[in-house]
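Here the protein sequences come in this chain order: L and S.
The numbering used here puts the first residue of the first sequence at 1235, with every later residue one more than the last.
The numbering used here puts the first residue of the second sequence at 173, with every later residue one more than the last.
Some clues are possibly wrong.
As the list claims (entries may be wrong) - Okay, derived cross-link-like pairs now, SDA-like style, lysine to any residue, Cα gap no bigger than 20 Å in a straight line: (1) S:K307 - S:E202; (2) L:K1312 - L:E1347; (3) S:K566 - L:K1239; (4) S:K566 - L:V1322; (5) L:K1239 - L:S1249; (6) S:K590 - L:E1480; (7) L:K1464 - L:D1476; (8) S:K566 - L:K1455; (9) L:K1342 - S:A598; (10) S:K267 - S:Y251; (11) S:K566 - L:L1304; (12) L:K1455 - L:E1480; (13) S:K590 - L:G1345; (14) S:K590 - L:S1328; (15) S:K566 - L:A1305; (16) S:K566 - L:S1373; (17) S:K335 - S:S425; (18) S:K566 - L:D1476; (19) S:K566 - L:G1345; (20) S:K499 - S:N477; (21) S:K590 - L:G1326; (22) L:K1342 - S:K566; (23) S:K516 - L:K1344; (24) S:K516 - L:V1322; (25) S:K335 - S:V584; (26) S:K595 - L:P1325; (27) L:K1312 - S:K566; (28) S:K566 - L:D1348; (29) S:K215 - S:K529; (30) S:K250 - S:S270; (31) L:K1342 - S:P564.
As the list claims (entries may be wrong) - Some chain L residues near chain S, calculated using beta-carbon distances under 8 Å: (32) A1282; (33) A1305; (34) E1307.
Said to hold, decoys possible - Chain S is nowhere near these chain L residues, computed Cβ spacing over 10 Å in every case: (35) S1249; (36) L1256; (37) P1260; (38) N1270; (39) E1288; (40) V1289.
No lab work stands behind these hints: they were computed from the structure.
Don't be surprised by glycine CBs; every beta carbon is placed ideally from N, CA and C.
Listed below are the residues making up each chain.
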Amino acid sequence: MLKIKNLHASVEDKSILKGINLEIKPGEVHAIMGPNGSGKSTLASVIAGKEDYEVTDGEIFFEGKDINELAAEERAHKGIFLSFQYPVEIPGVSVTNFMKTAINETRKAKGLEDMPAKDMLKLIREKAELLEIDRKFLSRSLNEGFSGGEKKRNEIFQMAMLEPKLAILDETDSGLDIDALRIVANGVNKLKSKDNAVLVITHYQRLLDYIVPDFVHVLYKGRIVKSGTKELAHELEEKGYDWIKEEVNA
Amino acid sequence: MDLKEKLISSFWAFENHQNEDAYLHNIRTEAIKSFEDKGFPTKKEEAWKYTSLNSILKNDYSVFPKLENTIEYNDVKKYFIHDIDTYKIVFIDGKYSSHLSQTTHDGMDICLMSSALSKPKYRILIENYFNKIAKNDSLTSLNTAFSSEGAYIHIPKNKMVAKPIQILHFSTGNESAIMLQPRNLIVVDENSLVQIIERHQSLTDNTVLTNSVTEVFINKRAIVDYYKIQNDNLNASLIDNSYINQKQESICSVHTFSFGGKLTRNNLNFFQHGERINSTLKGITIIGDKQHVDHNTLVHHKEPNCESHQDYKGVFGENSTGVFNGKIIVDKEAQKTNAFQSNKNILISDKASINTKPQLEIFADDVKCSHGCTIGQLDESAMFYLRSRGIPEKEAKALLTYAFSNNVLNSVQIPEIKQRINKIIANKLGVNLGFDL
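Only chain L is shown next, with the shape it has when bound in the complex (with noise of 0.2 Å):
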C-alpha cells in the first residue's frame, strides 16, 4: 500500500529525514517511536502532502503509484488520512458543515455526486455513535473551544467518516486521558479491517497498549535504527530511548 524508499526531506534548507524505508500492507498495523526532534511528525506531513517539506531524494509510493508530486487534497483523496497532533480552529464551520464539505470534495474529485443529505446524516450519527460523541458537539464550530480530548477524538470521527486506506495518527496520544484514550483507540481499532492500514507516530508506548502494532520502527535523526515487532516498545518504554542513541553513535 505504501512504500517509502531512501526518502530524504529539509524544511527551509535543513534536513530532517535522511533516508527512510518502510513498507506498509493493507491490514497492518505500524507505529514509529522516536525521541523528540527525530523527525516523526516531519514523516506524517511529508506522506499527507505538506508543501513546507521538500523531499529532496527518495520516493514514495502509494499503491504503486508515486505520490510526491501531488497535493494534499490529491493524497486525501487517494485514501491518505491525517490525524494531527494540533488540530486548528475554523470558526463559524461546524463540525457537521466541515465534515460535508471533504466529504463531497472527495467524492466531486473522483467524480462521484454529492451524498445525499440522508445518507450523510445517517453517516454522520453512525460514526458519532462510534466515538462516543454527542450530538450537540457536531453543530459546534469545528475545534473551537474544544478540549485536547475532544479535537483528538474529533480527529478520528473525521478519519471514521472519510474512511481512509491508509491513516496517519500523529501524536494521537498526547493530551489524552485514559477513558479519551480508550474511546479513541477503540475507534480506530472498530475501523481497521484487511483493506487499510495504520501508521501510529507516538513518543511514548501508552497508545500502543490499546492499537497493537504489527511492527514498531524507531526513528532517530532521520533515520529509522530499528524495527522489531510490539515487544521493541515494551523495551522503550522500559529503558528509554538512551541505548538507542548510543548503539547509533557508537
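The hints should help you fit chain S onto chain L, whose structure is shown.
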C-alpha cells in the same frame, strides 16, 4: 468645466427652482460656499492620505438626471432582503419609487426626505435635527447643498419597530455617468428600537458616484441596529458620510459589509452625549480586482461610563487596496470609558495592500482603551489541515477567510442578513461549499 465648477453652477440653477423658505435656503447656500472654499479633498489632507478621488472625479457626471426610469421588482428582488417583511424606501436614479417602496405614517414616519423638507408638519423636527451633526467638511457640505431626497425616519418614543427598514438606491444606467447625493435623517426617540438596512446598487456598468449623508439621532435608552451592504458594480463608487448622535443609555451598532464597488469610503462618526452609552462599529471587507475600501471611523466619548467596540476585518486580493483609520477621542470628563478597537487584515495577493492606523486621543486618566491591528496571510498550517481532509486549495482558502471574518457576523441580529452576507462571501470567493456558510 471640471466637476467642482459644474456642481457649483448646477447648484445655483437648482436653488433658483426651490420654493422654500429662508431657513433651508440659508443652510444650502452656506453649504455650497463651504464646498467652494474647500474643494474636493486631496491626498494632502491627513484624512485622505491613502485615498485619492482623482480617478472618480474626472467623469462628466449628470447631476440632475433628466430621464425617469422604472424597474420591476422581480428584476431587483435579489438586492432586497426579501425573505422577511420589511418597510422599504426605494430610489431609482435618485428619485423616489413608490411602487417598489413600502412606507408608513402609522404611529411613526418612515417616508421621504423631500416630504420632510417641504411639509410644515415636519418643520420642527427638521429645524431641530437636520444638518445639526453633519460636519461642514467638503463632501458633507456638497451633499447638504444638494440635499433634496433620501429617507426620513422618525420613530416616536416607546416604539419597537417590528419590521426592519430597507433603504435602497438603484441606478439604472440611464445616463452614462451619474452623481447621486442621497440625504437621510433618522430620529429615534426614547426607549424605541429600529433596524435599518442600507444598500446602493448600480444595475449596469455605467459610472456612478454616490455621496451620501446620513444623520442619526438616538435618544435616551433607544436602540438602533444599522447594516450597510456594499456590493456594487466595479464602476460604482460610494462615499458614505454617517453621523450618529447618541444620548444616555442608548445602544447603536453599525455593521458595514464591503465587498464591491470601485472606490468606497465610509466616514462613520459617533458622538456620545450622555452616560452608559454603547456604540458598536463592525465591518467585513473582502475585495479584489483594483477595488479600494477606506474605513474612516470616529468615536467621540464626551461623558463618563460609556463603551465603544470597533472590530473590522479585511481580506484583500489581487490589486485591491484598503485603508482603516480609526480615531477615538476621550474627553477629560469621560472617565471610566471603555473603548476597544481592532483591525485585522489578510493579504491574499502580493499586490494588495492595506494602510491601517489607530488614532487615540485620550484626555481622561481613568479609562480602558485598547487597540490592535494586524496584517498577515492565511495560516499555512491551517491550509494544510483543510487540504489534508480532501478540501481543495480554493475552497480551503474560502473556509479560512470565512472563519477569519466570522466573529463580525456574530453580532448581526437579523438571521436573513447573516445568510445573505454568507452567500455574498461564498460568491465573492468563487466557491460552492455545499452548504450555506
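Structure-based check of all given hints:
no. : hint              : result
1   : S:K307 - S:E202   : holds (12 Å)
2   : L:K1312 - L:E1347 : holds (17 Å)
3   : S:K566 - L:K1239  : violated (32 Å)
4   : S:K566 - L:V1322  : holds (18 Å)
5   : L:K1239 - L:S1249 : holds (16 Å)
6   : S:K590 - L:E1480  : violated (61 Å)
7   : L:K1464 - L:D1476 : holds (19 Å)
8   : S:K566 - L:K1455  : violated (36 Å)
9   : L:K1342 - S:A598  : holds (18 Å)
10  : S:K267 - S:Y251   : holds (18 Å)
11  : S:K566 - L:L1304  : holds (16 Å)
12  : L:K1455 - L:E1480 : holds (12 Å)
13  : S:K590 - L:G1345  : violated (32 Å)
14  : S:K590 - L:S1328  : holds (15 Å)
15  : S:K566 - L:A1305  : holds (13 Å)
16  : S:K566 - L:S1373  : violated (24 Å)
17  : S:K335 - S:S425   : holds (17 Å)
18  : S:K566 - L:D1476  : violated (46 Å)
19  : S:K566 - L:G1345  : holds (18 Å)
20  : S:K499 - S:N477   : holds (19 Å)
21  : S:K590 - L:G1326  : holds (12 Å)
22  : L:K1342 - S:K566  : holds (14 Å)
23  : S:K516 - L:K1344  : violated (38 Å)
24  : S:K516 - L:V1322  : holds (19 Å)
25  : S:K335 - S:V584   : holds (15 Å)
26  : S:K595 - L:P1325  : holds (17 Å)
27  : L:K1312 - S:K566  : holds (19 Å)
28  : S:K566 - L:D1348  : holds (18 Å)
29  : S:K215 - S:K529   : holds (16 Å)
30  : S:K250 - S:S270   : holds (18 Å)
31  : L:K1342 - S:P564  : holds (11 Å)
32  : A1282             : holds (5 Å)
33  : A1305             : holds (7 Å)
34  : E1307             : holds (4 Å)
35  : S1249             : holds (20 Å)
36  : L1256             : holds (19 Å)
37  : P1260             : holds (21 Å)
38  : N1270             : holds (19 Å)
39  : E1288             : holds (14 Å)
40  : V1289             : holds (15 Å)
Checked against the numbered hints given earlier, this structure breaks hints 3, 6, 8, 13, 16, 18, 23; the rest are met.
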